[in-house]
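Protein chains: 2
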Amino acid sequence: MADINSPVEIGVTTGPIRGSRKVYVGARTGSGIRVAMREIDLEGGEPSVRVYDTSGPYTDPEALIDINAGLAPIRRDWIMARGDVEDYAGREVKPEDNGQLGPDRSGGVPGFPNVVKRPLRAKAGMNVTQMHYARRGIITPEMEYVAERENLGREIAADLIRDGESWGAEIPDVITPEFVRSEVARGRAIIPSNINHPESEPMAIGRNFLVKINANIGNSAVASDVAQEVDKMVWATRWGADTIMDLSTGRNIHDTREWIIRNSPVPIGTVPIYQALEKVGGIAEDLTWEIFRDTLIEQAEQGVDYFTIHAGVRLPYIPMTARRVTGIVSRGGSIMAKWCLAHHKESFLYEHFDEITEIMKAYDIAYSLGDGLRPGSIADANDEAQFAELYTLGELTKRAWEQDVQVMIEGPGHVPMHKIKQNMEKQLEACGEAPFYTLGPLVTDIAPGYDHITSGIGAAQIGWYGTAMLCYVTPKEHLGLPDRDDVKVGVVTYKLAAHAADLAKGHPAAQVRDDALSKARFEFRWRDQFNLSLDPETAEQYHDQTLPAEGAKSAHFCSMCGPKFCSMKITQEVRDFAAKQNAAPETFLAAEDAEKGMAEMSEKFREIGGQLYVGAPDREHD
Amino acid sequence: MADINSPVEIGVTTGPIRGSRKVYVGARTGSGIRVAMREIDLEGGEPSVRVYDTSGPYTDPEALIDINAGLAPIRRDWIMARGDVEDYAGREVKPEDNGQLGPDRSGGVPGFPNVVKRPLRAKAGMNVTQMHYARRGIITPEMEYVAERENLGREIAADLIRDGESWGAEIPDVITPEFVRSEVARGRAIIPSNINHPESEPMAIGRNFLVKINANIGNSAVASDVAQEVDKMVWATRWGADTIMDLSTGRNIHDTREWIIRNSPVPIGTVPIYQALEKVGGIAEDLTWEIFRDTLIEQAEQGVDYFTIHAGVRLPYIPMTARRVTGIVSRGGSIMAKWCLAHHKESFLYEHFDEITEIMKAYDIAYSLGDGLRPGSIADANDEAQFAELYTLGELTKRAWEQDVQVMIEGPGHVPMHKIKQNMEKQLEACGEAPFYTLGPLVTDIAPGYDHITSGIGAAQIGWYGTAMLCYVTPKEHLGLPDRDDVKVGVVTYKLAAHAADLAKGHPAAQVRDDALSKARFEFRWRDQFNLSLDPETAEQYHDQTLPAEGAKSAHFCSMCGPKFCSMKITQEVRDFAAKQNAAPETFLAAEDAEKGMAEMSEKFREIGGQLYVGAPDREHD
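Here the protein sequences come in this chain order: G and X. Using our numbering, you'd call the opening residue of the first sequence number 4 and step up by one each time. Using our numbering, you'd call the opening residue of the second sequence number 4 and step up by one each time.
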């Protein structure tokens, strides 16, 4: 980083995820849209398992990765074809955008070398949001991509046995582009897709789609740098992050963000008030609407896909936090609270909300209406301040929708399990079914160091109840800035929580992966078990700690029980025996027949020396 | 371990848990019983927080620990005073008890040097179970100890605000010895306390008490040894394991268990069929009732407090598993299934159940009725085999209760979230409210390497619904034998899940610790925050990765946000400002007054330069 003018040395992880193969599935409409996914090939004649893939070109061995060039702008043709945008001379980047108040850029980092000189915006009088198109009955290529992506490219209704409790969600057997359009039109789903972020692979956030997860990255004044943040973005998406929020609060915010967006295959969210605060040297009272507005434009031109706006932290609500154990734990919320009290004025975000919306609609930036008054401790959960803000967010949702701007609603926080459902119910009621996007919630405060788990418990539950996206928490929560290992652990934890929610909701294809992995486990196809898991490398590493030899990968036991005690091995022997008797599985289901069949079996079992079971034709799961 | 006759070099972790002080609280009855707990002292004039403590004398700096001598037999006087037991010439230890079929003990490990020569058993015609005493209206010292322990030694009803959803549990504000007796008498709680394990600190497992957790240790044929297993027991109880199961399946099972029980402050459970299988060289078909019975006596004399008995794996149920994806995943269940099929006979455990009960009642060993047919994959959850066994366990519960033998019921397994509640409801209905003791459940199969988390999610939920004890799962589940690091991670994960369940159930004092920690967090008392957490060392280590300097322990920020962006610091400033206006918190709660108060505040805020908040007398949480 020393020489501003030299290319940046940023190392990111590339190459396939172990056991997976990148595929591009053509949309069934024949439009030519190709949707990125990955497939896990299995041994023993088992069909490959296709899984949702957020990792972008980085895991495609055919792709040429050049961080200095950025990813290919795959959506650009679709955007231009709509004929409703124009390029223009963008805003000049100012030194304060990077936290340097001097006239030069000393102390900064190299800027991204291929910045788009003329960003796009809507032509005068036009509205370029996905919601606007959806409400006019238009199915965009983004909606098509989403439909294919959510279906994983195959017809799944045929051999489908739905089983779940979705609490009133409406998850169809097959996702059609028309269904996507309909959900976006009514605001029940969003497709975050700024026209200036054409590199992103379209995705949907909504209750009737797969539960999504977000990973936070970004530096602070105390830690991290550009190379680390770009690496974290690639690393997080490799392991499954559906969106990334860049929450940088240190220096070089503008340049760091440019590197991230240009290289990100997933939507990027930010909290613009952070950068605005940096521009006024950290003095909240010196914030102004004008500085904030300018920051919105700056970030819109770069391609930020959604903004967290704490417009619900209203002046009269701030006193409601006076008795709280942990006050206001949201950075943005506390900043706005300070500003409001200092000026004795209503929040400028609330007052200028419609003007913010005008900006959002010119670029198709979605609102993430911030939960500035979320509870930061069990004691503060579901209190007056929290729900007062929620109802204001509902009011603002309707105002945003009047201009066809996409909205999602942020949520808690710290909530004991018995209070989680109420959060979902109130949000559905207050916010017109706009997607809910929660931070956990953590179900107890007593385990810093393990808050990915305390929050994973709450996240799985609230995802089941209908929350559309879960913002991850890492083991470092409350203690410090996460490093890349923490990022991975946080992502995998939230992937498993989101998947558990999909299963419980009865999402049609969710159980395919569980069944494939369990079958591999039962049949001692160890490599398949690892490859099907969310983190193949860790699974294999743990196994190899006690049984590293290559032969162990097809052994009918592991070190937990050893060969004599492996229940799966013994079960196999039991089934072998039954099958060698040519007893069809149906025979097994009548207890009286079982008696008779058992007598025969017992005799035979002894005859053949008590060792049984490989590859019987009648066995169900061969 | 080389020389059988030399004392064993077993190193265990001793010394206080960082930030905690061992205390012994006298029972309020004045009986002289002293209950072990620990207290966490805080800074800033905050009251100490007392927490439940499973770690035994190992964390008492005053205690002399000698693994070769074992712990003090604290319950012995209580047992003898009841006048209903006799000592007798115990069973001879045979070479096959340690898996050596030769005439000498070569290849073994040193035996525990202070084995009790003459074990205890009930006098002829007597019944020595806690349930028997309870049903006769007797409050034993064990029940007194439990009551004091569950209350944490203080009257908590006074300033109590109950808040929770307990799904019909009956958790009193204060636990009295009479309440304990009543719960044990009706079978809704158990106190596992073999008369030959007088070293254990009494504890209760029941829906109306704190949710408990179990940690599994034990070697396998492939890994681990005596020293490691004793160390794991001490390590697991240090971090919070309420009971330990010794699931050894390798060699030296008898000797390993003796070392563990003599040194364990918590109840010990086993699965006797494992050792029985070792005695017949791993050939399930060669098991006999006589060998099993002899193993029960052997383990009863050593002091095992509860036995897992898979008496519900009945011959007619085995065919019900034919279509399962993962068959029978229980070691004991698969062993019994193999035996039943080979002999074409009903399970000898089922057939001889009443004789097993006769043995249990002579020593006060509790049943843990095993879930041999639990589901080992999402696909198999809540199937016919699983519930057929559950209803048999209910039948067996009633038979055991006819002889006043204590019972708990084991449960699943792998269960998607929407099927968890049904498990609790069926178990309550089938088993007469006997305590439920589940393994997780895991809510998805797709994350080996993270199964402490997939199962922690299910465990927290089923604990909330009424499960009395949660059997931990470590990161190594499905992959290999856990090491001590895995044991700690598993224990802490299950402690937080159990505590989250207590909170959600509205257990009266559960939230005390969350509130104390959150207050410490808000006030930047970093050391207090670490000391109050479940794992103080890890919390501090994570913090110090980015801010190691001593001064950072009182800094009003951490590296997550840095000094300008810390929301808690900003909240403090906001409150300081308001307090300096002498505005009482109540003023804050009227929005119209807030307007007026705010105007004044705003003026003052600017006057004093916008920096506010330390130690204002009106601030609620000073």
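Among these hints, one or two may not hold up.
To be verified - A few chain G residues that don't get close to chain X, going by computed Cβ distances all over 10 Å: (1) G48; (2) P50; (3) N71; (4) M83; (5) G140; (6) I141; (7) E168; (8) F390; (9) E480; (10) A507; (11) R524.
As the list claims (entries may be wrong) - One side only, chain G facing chain X, incomplete, derived with CB under 7 Å: (12) A391; (13) T395; (14) E398; (15) Q406.
These are computed hints drawn from the structure, not numbers from a lab. The structure presented is a predicted model; accordingly, all values stated were derived computationally and were not measured. Cβ atoms here follow ideal geometry from the backbone N, Cα and C, with glycine treated the same way.
A quick look at each hint next to the structure:
1. G48: 17 Å, holds
2. P50: 15 Å, holds
3. N71: 29 Å, holds
4. M83: At roughly 39 Å from the nearest Cβ of chain X, G:M83 sits farther out than 10 Å, so the non-interface label holds.
5. G140: Given that every Cβ of chain X is farther than 10 Å from that of G:G140, nearest at about 36 Å, it holds.
6. I141: Non-interface label stands for G:I141: nearest chain X Cβ at 36 Å, farther than 10 Å.
7. E168: Incorrect as stated: the minimum Cβ-Cβ distance to chain X is 4 Å, not above 10 Å.
8. F390: Correct as stated: the minimum Cβ-Cβ distance to chain X is 15 Å, above 10 Å.
9. E480: 8 Å, violated
10. A507: 4 Å, violated
11. R524: About 7 Å separates G:R524 from the closest Cβ of chain X, which leaves it inside 10 Å; violated.
12. A391: Where the cut-off is 7 Å and the nearest Cβ of chain X is about 10 Å from G:A391, the hint is violated.
13. T395: 13 Å, violated
14. E398: 16 Å, violated
15. Q406: Violated, because the Cβ-Cβ distance from G:Q406 to chain X comes to roughly 29 Å (cut-off 7 Å).
Going through the hint list in order, the structure does not satisfy hints 7, 9, 10, 11, 12, 13, 14, 15.
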